[in-house]
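Trainee: Can you make the complete structure from the sequences, with help from the hints?
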Amino acid sequence: MPDLPDIEVLALAKRWVTRDQTVPALEGISLTVAPREFLTVLGPSGCGKSTLLSIIGGLIPPDAGEVRVTGRRSAGPDPRKVAMVFQDPGLFPWRTALENVEFGLELQGVPAARRREIARGLLEPVGLRGFENRYPRELSGGMKQRVAIARALALDSPILLMDEPFGALDEQTRLLMGEWLLGIWAKTRKTVVFVTHSLQEAIMLSQRIVVMTSRPGRIKASFEVALPMPRDLNGPEATALRAALWAEIRDESLRALESGL
Amino acid sequence: MRVLGTRVGLLLLVLGAWELWAGRQDPLLYIPPSKVLPALVRVLRLEAYPTLPEHLWLTLVEVLVAYALAVGVGLGLGFLLGLPRHVGEIYEPILAGLYAIPSVVWYPSLMLFFGLGPASKIAFGFLLGFFPVVLAVLTGIRSVDRQLLTVARALGAGRGTCFVKVILPAMTGTLLAGLRAGLALTVVGVIVGEILGARAGLGYLINYAYGFLRTAEYAALAMVALTLVMAIDGVAALAEGRARRWAG
Amino acid sequence: MGGVGPRVMSGATRRLAQLGSVGLLVALWEAAVRLGWVDPLFVPAPSAVARALVAIGPEAAGLLGETLGKTLAAYALSVGLGVGLGLIIGTLRHLYDVLNPFLVALYAMPKILALPWILLLFGLGTAPAVVYGTLHGFFPICLLVVGGVRDVDPRLIVVARSMGATAWQVYWKVLLPAALPAVLAGLRLGMIFCLLGVLVVEMFGGIRGMGFLLSAMANAFRAAELFAATALVSLLSVGAVLLLESLNRRLSRWR
Numbered sequence: 000m001p002d003l004p005d006i007e008v009l010a011l012a013k014r015w016v017t018r019d020q021t022v023p024a025l026e027g028i029s030l031t032v033a034p035r036e037f038l039t040v041l042g043p044s045g046c047g048k049s050t051l052l053s054i055i056g057g058l059i060p061p062d063a064g065e066v067r068v069t070g071r072r073s074a075g076p077d078p079r080k081v082a083m084v085f086q087d088p089g090l091f092p093w094r095t096a097l098e099n100v101e102f103g104l105e106l107q108g109v110p111a112a113r114r115r116e117i118a119r120g121l122l123e124p125v126g127l128r129g130f131e132n133r134y135p136r137e138l139s140g141g142m143k144q145r146v147a148i149a150r151a152l153a154l155d156s157p158i159l160l161m162d163e164p165f166g167a168l169d170e171q172t173r174l175l176m177g178e179w180l181l182g183i184w185a186k187t188r189k190t191v192v193f194v195t196h197s198l199q200e201a202i203m204l205s206q207r208i209v210v211m212t213s214r215p216g217r218i219k220a221s222f223e224v225a226l227p228m229p230r231d232l233n234g235p236e237a238t239a240l241r242a243a244l245w246a247e248i249r250d251e252s253l254r255a256l257e258s259g260l
Numbered sequence: 000m001r002v003l004g005t006r007v008g009l010l011l012l013v014l015g016a017w018e019l020w021a022g023r024q025d026p027l028l029y030i031p032p033s034k035v036l037p038a039l040v041r042v043l044r045l046e047a048y049p050t051l052p053e054h055l056w057l058t059l060v061e062v063l064v065a066y067a068l069a070v071g072v073g074l075g076l077g078f079l080l081g082l083p084r085h086v087g088e089i090y091e092p093i094l095a096g097l098y099a100i101p102s103v104v105w106y107p108s109l110m111l112f113f114g115l116g117p118a119s120k121i122a123f124g125f126l127l128g129f130f131p132v133v134l135a136v137l138t139g140i141r142s143v144d145r146q147l148l149t150v151a152r153a154l155g156a157g158r159g160t161c162f163v164k165v166i167l168p169a170m171t172g173t174l175l176a177g178l179r180a181g182l183a184l185t186v187v188g189v190i191v192g193e194i195l196g197a198r199a200g201l202g203y204l205i206n207y208a209y210g211f212l213r214t215a216e217y218a219a220l221a222m223v224a225l226t227l228v229m230a231i232d233g234v235a236a237l238a239e240g241r242a243r244r245w246a247g
Numbered sequence: 000m001g002g003v004g005p006r007v008m009s010g011a012t013r014r015l016a017q018l019g020s021v022g023l024l025v026a027l028w029e030a031a032v033r034l035g036w037v038d039p040l041f042v043p044a045p046s047a048v049a050r051a052l053v054a055i056g057p058e059a060a061g062l063l064g065e066t067l068g069k070t071l072a073a074y075a076l077s078v079g080l081g082v083g084l085g086l087i088i089g090t091l092r093h094l095y096d097v098l099n100p101f102l103v104a105l106y107a108m109p110k111i112l113a114l115p116w117i118l119l120l121f122g123l124g125t126a127p128a129v130v131y132g133t134l135h136g137f138f139p140i141c142l143l144v145v146g147g148v149r150d151v152d153p154r155l156i157v158v159a160r161s162m163g164a165t166a167w168q169v170y171w172k173v174l175l176p177a178a179l180p181a182v183l184a185g186l187r188l189g190m191i192f193c194l195l196g197v198l199v200v201e202m203f204g205g206i207r208g209m210g211f212l213l214s215a216m217a218n219a220f221r222a223a224e225l226f227a228a229t230a231l232v233s234l235l236s237v238g239a240v241l242l243l244e245s246l247n248r249r250l251s252r253w254r
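Read top to bottom, the protein sequences are chains G, S and Z. Per numbering that gives the first Met the number 0: the first sequence = residues 0 to 260. Per numbering that gives the first Met the number 0: the second sequence = residues 0 to 247. Per numbering that gives the first Met the number 0: the third sequence = residues 0 to 254.
Incorrect hints may have been included.
[To be verified] In silico EDC-like pairs for lysine to aspartate or glutamate, Cα to Cα no more than 16 angstroms straight-line:
1) Z/K172 - G/E98
2) S/K34 - S/E53
3) G/K186 - G/E123
4) G/K80 - G/E123
5) Z/K172 - G/E26
6) Z/K172 - Z/D152
[Stated by the list, open to error] Calculated from the model, a selection of chain Z residues having no Cβ within reach of chain S, i.e. all distances over 12 angstroms:
7) L27
8) S46
9) R50
10) G68
11) L76
12) L112
[As the list claims (entries may be wrong)] Per the computed footprint, the stretches of chain S lying under chain Z, defined by three or more beta-carbons under 8 angstroms from a beta-carbon of chain Z, are:
13) 53 to 60
14) 98 to 104
15) 109 to 119
16) 203 to 210
17) 214 to 225
Rather than coming from a laboratory, the hints here were simulated on the basis of the structure. A virtual CB, placed ideally from N, CA and C, is assigned to each residue, including glycine.
Mentor: As structure tokens, this is what we get:
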């Protein structure tokens, strides 16, 4: 008997209503994510992928359709099931790296000694041992994002949602962070939904790629990525996949560009 | 629109409550709005204080002279201390430290030196208005991007050109804010000076009315003073807007 | 044009130059009086001021205590009200929209226009000084706190919410620490404003305290004593601000 999906999105729709107009952000999105699957959502700017992720995370309510997380209808942020990482690390500047990682545990009332232990344990695999007592302003962009990811991992939730987490980093750091993330995923076996607009990242990281249209966002295509790890990004299969993805996404990107996004 | 309505409603509520409550107490002491309005009419018609225009004019002149001095000395000292290397670093903390002293402590010394006449009010207004101006100049100079100067010099600009075409435009925003703050403080300084001890001027009149317990007229004069303050700040705001647009 | 750009001088050199300049000024001032360039009736020599300082010392200390007491009472009230209301108005959008213009307008108003009325209502004693001092100190504190709360990076709140923080937790663990720098700035400014208010009341109403001492010495043409008293109040104020500054630095290590 196959596993029940961790995430089910059914006929999701979302509109943004301002004083002058109503803009449809998402229309008729249906999606399932299997447990321990690494899914990438790929799409042009403004297609609503961040909105989709926020709805799955319970931060925004949908206008139509529903989201079920581990079988239950999503009614708000549930840190026991879903942890989120954003493009901006969003570290609390008045807390040290260690204290930032402890934040989620603090919210749940975990006692101090235990919190400290867990947080310290999480900063080591992200390569930040020795930086526990540094403040965010003393950390580089890549380090900040690693702290943010450690903070999310501290929640020990089965599902991890990541909204372009490496978007603000330079190319070399991005590649290294991608490799490192794969290592974490292999070890923790979480269900990951990863949003990006980078074809490279999508091919490198995911087991399945879902392509979205430009606004209003719909699911255009889905690609299984059966390449063995570690991925050879220059090999024939990766190149073919890249071409296929670009074929799907090019028109959408062009449309997004032309509509002034 | 709803917000404006709520604000107006709040204002009317406060005035109404005050009127009701003051009406039941001693009206002389609690000055209900219903007493202030006729007093205001009397004051504006110059029936209560026929010499009001002269007093008003004196206050205005004091403000203008004090502000002219504050701007002149403030800008002069600011650029003198701010442009040469290191000088600003030495003296800005001293000025900032002086700013931490409540300005009114200087007033008795000023009254000793200048007497009760307009001179002490001008001196006090100058003192209050001077600090924001000079600090704005120092901050403005300090925050100019060194890179801009490097570029200008590489393009062959001399000292004078650098000053006029790079430093001044870069600090316009800070400078205008400082000039505006200086004016507001100068006005307050002159009024405080007049209320604390004077022989003429709007503040003196307010003190006079209070001394004779003509409280409604005192309230009316206070409103006149408020209007003056707002009018001056309004003019300053317009000037600032105009100057910002012109400076680009 | 070397003054442009960030600071480069060493702290020690700077201190030396500052002390040297002040010392030079005092020396010139002393010389000017001794040589008869200025009238000692209006501008007393620094040595005369020093002597006067010793002479009025005990009495001035008592009056300083009076003023300080009233200032601290006014300060406690302004901080309590200012921070409290500032946090509430800053967080509740509708309240902010309605009340902010009033706050800004009242802040810009010269409060001294209300002073005669306050004296009428509260008489001549400690009460009007505390009331007026509170009035003076409340508005800058409240406005700074409102600004600080509204300036909190909204992304931090999103992060907290995504981790399941309740409204109370967001308030306590995110908004307050993020707004703390603004609150500290308000505390520093509020102290100066409260002291200013108390001094003005003492001067205007002839109420016992340093303000009264200053105006009394001025009226009696006792210039040396006046300068000495002015110096005392200035030292008090600078000292209080330095204390608050060091508190600010201790709490702002993360910046």
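Trainee: If a hint holds in the structure, say so; if it does not, say that too.
Mentor: Against the structure, the hints:
1. Z/K172 - G/E98: holds (12 angstroms)
2. S/K34 - S/E53: violated (25 angstroms)
3. G/K186 - G/E123: The given pair, whose Cα atoms are some 14 angstroms apart, holds under the 16 angstroms limit.
4. G/K80 - G/E123: Measuring from Cα to Cα gives roughly 24 angstroms; hence the hint is violated.
5. Z/K172 - G/E26: Roughly 36 angstroms between the alpha carbons, so the hint for Z/K172 and G/E26 is violated.
6. Z/K172 - Z/D152: holds (14 angstroms)
7. L27: holds (16 angstroms)
8. S46: holds (18 angstroms)
9. R50: Nearest chain S Cβ is 18 angstroms from Z/R50, so the label holds.
10. G68: holds (16 angstroms)
11. L76: holds (18 angstroms)
12. L112: Incorrect as stated: the minimum Cβ-Cβ distance to chain S is 4 angstroms, not above 12 angstroms.
13. 53 to 60: Contact hint for the stretch 53 to 60 of chain S vs chain Z: violated, 0 residues under 8 angstroms.
14. 98 to 104: holds (count 6)
15. 109 to 119: holds (count 3)
16. 203 to 210: holds (count 3)
17. 214 to 225: holds (count 6)
Hint violations for this structure: numbers 2, 4, 5, 12, 13, all remaining hints satisfied.
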